[in-house]
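Sequences are here, hints too, so could you generate the full structure?
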Amino acid sequence: MSGPVSDAAGEATEHPADRAPAQVRRLRPTSRRTTGRERHEEKITVYVSSDELFALEQARLVLRAEHGIAVDRGRMVRESVAELLVDLDAHGEDSMIVRRLRS
2 MSGPVSDAAG EATEHPADRA PAQVRRLRPT SRRTTGRERH EEKITVYVSS
52 DELFALEQAR LVLRAEHGIA VDRGRMVRES VAELLVDLDA HGEDSMIVRR
102 LRS
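Going by this note's numbering, the first residue of the sequence shown is number 2, and it counts up by one from there.
To be clear, the hints were calculated from the coordinates, so they are not data collected in a lab.
Every clue listed holds true.
Below, simulated SDA-like cross-link-like pairs (lysine to any residue); rule was C-alpha separation at most 25 Å, straight line:
no.	residue 1	residue 2
1	K44	L89
2	K44	D88
3	K44	R61
4	K44	G75
5	K44	D90
6	K44	M77
7	K44	A83
8	K44	E58
9	K44	R79
10	K44	V87
11	K44	L57
12	K44	V72
13	K44	R74
14	K44	I98
15	K44	S81
16	K44	V78
17	K44	L85
18	K44	L54
19	K44	D73
20	K44	L102
21	K44	F55
22	K44	E80
23	K44	V82
24	K44	E84
25	K44	L86
26	K44	A56
27	K44	A60
28	K44	R76
Have a look at the derived ranges for each label pair, beta carbon to beta carbon:
no.	residue 1	residue 2	range
29	E42	R74	17 to 25 Å
30	V72	I98	16 to 24 Å
31	R40	G93	29 to 37 Å
32	R103	R40	32 to 40 Å
33	R101	R40	29 to 37 Å
Idealized CB from N, CA, C, for every residue including glycine.
So, in structure tokens, the structure goes:
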């Protein structure tokens, strides 16, 4: 059934099936380089396996020892996410994240 439906007060409202599909608001990833140590207002929690955490820590140590870049794991993750978003925006279906998530 589609068309107007009544809410609890008897008012006619739009039936959910008649609504246009939600549009995803695509934000353009910023190409600016982060300054490193800065305050971040938002937080997420990500669970990783012990092997993934070990690999991330190893990469951090390689960056410091072989490339002279002292960086924390959080910055590495933020930089990785930024690159992933740029790639998704630029390549869409052919982006690394789409290919990896489909496999």
